[in-house]
Amino acid sequence: MNITGLTLTETLKALEDKQFSKDELNEAYLERIKSLNDKLNAFLLVNEQSNGLPAAIKDIIVTKGITTTAGSKILEHFVPPYNATVIDRLSENGISIIGKTNLDEFAMGSSGENSAYGPTKNPWDLTKVPGGSSSGSAAAVAADLCVFALGTDTGGSIRQPAALCGVVGLKPSYGRVSRYGSIAMASSLDQIGPITKSVADARLVLEWISGVDGKDSNCNVEKFTMQPSRLQAGFRVGVPREYFGKGLDQEVEKVIREAIRKLEELGAQIIEVSLPHTEYAIAAYYIIMASEVCANLARFDGIRFGFGRENFGAEAKRRIMLGTFSLSSGYYDAYFEKAAKVRTLIKQDFEKAFQECDVIVGPVSPTTAWNTGEKVSDPLSMYLMDVYTVPPSLAGIPGLSVPCGFAGGMPVGLHILGKYMGEEIIFNVGEVYENATDWHKEKPKL
Amino acid sequence: MSRMKLSKDQVKHVAKLANLPLTENEEEKYGEQLSEILEYIDQLNRADTPGVATYNVSGQENVMAKDEVGNCTLPQEDALANASKKRQGFFVTKGVFEQ
Numbered sequence: 001m002n003i004t005g006l007t008l009t010e011t012l013k014a015l016e017d018k019q020f021s022k023d024e025l026n027e028a029y030l031e032r033i034k035s036l037n038d039k040l041n042a043f044l045l046v047n048e049q050s051n052g053l054p055a056a057i058k059d060i061i062v063t064k065g066i067t068t069t070a071g072s073k074i075l076e077h078f079v080p081p082y083n084a085t086v087i088d089r090l091s092e093n094g095i096s097i098i099g100k101t102n103l104d105e106f107a108m109g110s111s112g113e114n115s116a117y118g119p120t121k122n123p124w125d126l127t128k129v130p131g132g133s134s135s136g137s138a139a140a141v142a143a144d145l146c147v148f149a150l151g152t153d154t155g156g157s158i159r160q161p162a163a164l165c166g167v168v169g170l171k172p173s174y175g176r177v178s179r180y181g182s183i184a185m186a187s188s189l190d191q192i193g194p195i196t197k198s199v200a201d202a203r204l205v206l207e208w209i210s211g212v213d214g215k216d217s218n219c220n221v222e223k224f225t226m227q228p229s230r231l232q233a234g235f236r237v238g239v240p241r242e243y244f245g246k247g248l249d250q251e252v253e254k255v256i257r258e259a260i261r262k263l264e265e266l267g268a269q270i271i272e273v274s275l276p277h278t279e280y281a282i283a284a285y286y287i288i289m290a291s292e293v294c295a296n297l298a299r300f301d302g303i304r305f306g307f308g309r310e311n312f313g314a315e316a317k318r319r320i321m322l323g324t325f326s327l328s329s330g331y332y333d334a335y336f337e338k339a340a341k342v343r344t345l346i347k348q349d350f351e352k353a354f355q356e357c358d359v360i361v362g363p364v365s366p367t368t369a370w371n372t373g374e375k376v377s378d379p380l381s382m383y384l385m386d387v388y389t390v391p392p393s394l395a396g397i398p399g400l401s402v403p404c405g406f407a408g409g410m411p412v413g414l415h416i417l418g419k420y421m422g423e424e425i426i427f428n429v430g431e432v433y434e435n436a437t438d439w440h441k442e443k444p445k446l
Numbered sequence: 001m002s003r004m005k006l007s008k009d010q011v012k013h014v015a016k017l018a019n020l021p022l023t024e025n026e027e028e029k030y031g032e033q034l035s036e037i038l039e040y041i042d043q044l045n046r047a048d049t050p051g052v053a054t055y056n057v058s059g060q061e062n063v064m065a066k067d068e069v070g071n072c073t074l075p076q077e078d079a080l081a082n083a084s085k086k087r088q089g090f091f092v093t094k095g096v097f098e099q
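First to last, the sequence lines map onto chains A and B.
Take the first sequence: its position 263, counted from the start at 1, is 263 in the numbering used here, and no numbers get skipped.
Take the second sequence: its position 81, counted from the start at 1, is 81 in the numbering used here, and no numbers get skipped.
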């Protein structure tokens with residue numbers, strides 16, 4: 001039996017049926033990590049003592065007694081004295097940490113190349129990026145180095161690498177999951193979420209990690225529990241015309257259009273919708289996010305933990321500078337406040353669109369994975385790769401990336417967006433699509 | 001908001017506000033890159049925003065913690081475990097005033 005090829009749901013079933021033991025499960029994964037991690041650089045740390053269901057954790061989520069670097073030199077030797085809430089919740093459900101995964105420094109990047117510990121490689125083609133910033137988590141799931149992984153998503157950092165690596169990724173609604181113990185990047189946007197081998201797996205992990213803990217004041221909604229409801233035929237799928245314009249790769253567009261046709265075949269009613277302020281999303285995001293970044297990263301002063309500020313990498317410095325500038329005296333109204341107002345317009349776009357449809361679908365990323373090094377020296381072109389993932393982040397709504405085919409041999413992800421706290425319907429649509437297709441079963445040859 | 005080109009002095013000023021030690025090369029590089037990014041951001045000017053309010057996406061407002069010791073405090077030893085310099089159970093910081 002190919003133990004590491006199983007999804008989380010299948011693994012739980014196999015354990016229950018005593019097809020293998022937890023020890024055998026961990027041995028199988030540890031062996032696979034041993035043979036593949038040098039190639040992929042997905043894990044920064046491997047826990048040989050893992051004895052539960054082996055999950056990979058993005059190294060920006062603090063783990064008691066286990067070094068947590070956030071992909072930065074600054075925290076090279078940081079050993080957290082406490083666990084993030086999500087870690088405690090996973091361990092209550094029998095999960096153990098098999099390793100901490102690589103990421104863009106402090107979760108800032110779209111390619112995994114901003115890590116101080118070297119770039120992660122895409123399991124589908126080692127010369128290409130895996131996406132970011134949850135680069136190691138997505139690559140680890142795609143290469144079957146863990147049963148599932150946790151990532152964090154601020155402007156696309158779960159969904160985009162999941163799409164580029166051909167796995168499932170969920171950014172929950174803002175406030176769905178407590179961020180206690182997730183090293184903060186941009187606090188009005190950050191969310192923790194699962195990267196998994198199937199939609200059912202993502203749903204299960206969300207049930208485990210969601211809910212109030214009293215330590216994240218934006219997290220005030222009870223734990224997510226999936227109701228056993230079926231999707232009604234005639235469910236309305238909105239397709240925003242702004243998501244199919246300039247910049248979208250033609251091959252990717254073909255794959256996405258085919259996926260939409262499939263949804264129609266499965267009973268969906270396809271409705272064209274409009275999100276007219278999409279064009280401003282990246283500009284607003286880079287002001288809001290960078291402003292919050294410069295405030296959050298102010299805590300790294302080398303006094304209570306970590307090394308001094310000269311150890312920040314290039315992207316972190318760039319964003320600290322941009323944020324500090326946009327909040328500085330004389331520029332606040334023109335930049336931060338303006339961006340915050342545009343954010344409201346983007347949220348209203350979604351509210352209007354959701355009056356006509358139940359979910360919105362489109363591409364996760366305008367292209368498939370690009371070559372390592374290709375965009376490193378041009379930050380703006382890298383930022384523009386987040387054009388479809390950023391607007392829902394600004395609106396705080398949930399987004400699911402589901403494998404929906406290949407373009408030029410590289411995976412493409414279908415983005416399924418729901419209303420605020422509307423995870424249930426995006427899971428339903430995702431599952432109906434997944435059950436009718438075999439894309440999620442495709443594995444990279446390693 | 002007009003076309004924004006950051007001067008070298010502005011870059012130095014922002015770096016000082018951010019407490020970010022930059023090399024001369026970095027000052028130059030970030031000056032150029034930030035100018036390019038700000039130029040892109042200028043398009044926000046085209047969005048019509050009079051009367052638009054700002055908001056918190058979770059809808060939460062003024063969430064207060066109870067005025068009590070919660071369950072997320074750390075023992076002193078743990079809190080100090082990652083400090084580069086400590087003395088008698090305290091963090092050692094740089095002096096604020098000249099001696």
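Source of the hints: derived by calculation from the structure; they are not laboratory data.
Please note: incorrect hints may appear among the correct ones.
Unchecked claim - Derived contacts from chain B toward chain A, CB cut-off under 7 Å, selection only:
1) Val14
2) Leu17
3) Leu20
4) Glu36
5) Ile37
6) Leu44
7) Gly51
8) Tyr55
9) Val57
10) Gln60
11) Val69
12) Asn82
13) Phe90
14) Thr93
What the hints assert, rightly or not - Here are the simulated lysine-lysine pairs, DSSO-like style, with alpha carbons at most 27 Å apart:
15) Lys22(A) <-> Lys445(A)
16) Lys22(A) <-> Lys254(A)
17) Lys13(A) <-> Lys375(A)
18) Lys5(B) <-> Lys341(A)
19) Lys419(A) <-> Lys341(A)
20) Lys375(A) <-> Lys86(B)
21) Lys5(B) <-> Lys73(A)
22) Lys66(B) <-> Lys64(A)
23) Lys66(B) <-> Lys73(A)
24) Lys34(A) <-> Lys22(A)
25) Lys73(A) <-> Lys16(B)
26) Lys8(B) <-> Lys64(A)
Just so it is clear, CB atoms sit at the ideal spot from N, CA and C, and this is done for glycine as well.
So, going through the hints one by one against the coordinates:
1. Val14: Since the shortest Cβ distance to chain A is 5 Å, the answer is holds.
2. Leu17: Given a least distance of 5 Å, the restraint on Leu17(B) holds.
3. Leu20: holds, 6 Å
4. Glu36: It holds, given that the least Cβ distance between Glu36(B) and chain A is near 6 Å, below 7 Å.
5. Ile37: Interface hint status for Ile37(B): holds (6 Å vs cutoff 7 Å).
6. Leu44: At about 5 Å, which falls below the 7 Å cut-off, the nearest Cβ of chain A leaves the hint on Leu44(B) intact, so it holds.
7. Gly51: violated, 9 Å
8. Tyr55: Holds - the Cβ of Tyr55(B) comes within 7 Å of chain A, reaching about 6 Å at its closest.
9. Val57: Where the cut-off is 7 Å and the nearest Cβ of chain A is about 3 Å from Val57(B), the hint holds.
10. Gln60: holds, 5 Å
11. Val69: violated, 13 Å
12. Asn82: For Asn82(B), the interface hint holds, since the closest Cβ of chain A sits about 4 Å away, which is under 7 Å.
13. Phe90: violated, 11 Å
14. Thr93: holds, 5 Å
15. Lys22(A) <-> Lys445(A): The given pair, whose Cα atoms are some 26 Å apart, holds under the 27 Å limit.
16. Lys22(A) <-> Lys254(A): violated, 42 Å
17. Lys13(A) <-> Lys375(A): violated, 43 Å
18. Lys5(B) <-> Lys341(A): Distance ~24 Å between Lys5(B) and Lys341(A) Cα, so the pair holds.
19. Lys419(A) <-> Lys341(A): Distance ~20 Å between Lys419(A) and Lys341(A) Cα, so the pair holds.
20. Lys375(A) <-> Lys86(B): violated, 43 Å
21. Lys5(B) <-> Lys73(A): The hint is violated at about 31 Å.
22. Lys66(B) <-> Lys64(A): holds, 26 Å
23. Lys66(B) <-> Lys73(A): violated, 36 Å
24. Lys34(A) <-> Lys22(A): Roughly 18 Å between the alpha carbons, so the hint for Lys34(A) and Lys22(A) holds.
25. Lys73(A) <-> Lys16(B): Judged against 27 Å, a Cα distance of about 21 Å means the pair holds.
26. Lys8(B) <-> Lys64(A): violated, 43 Å
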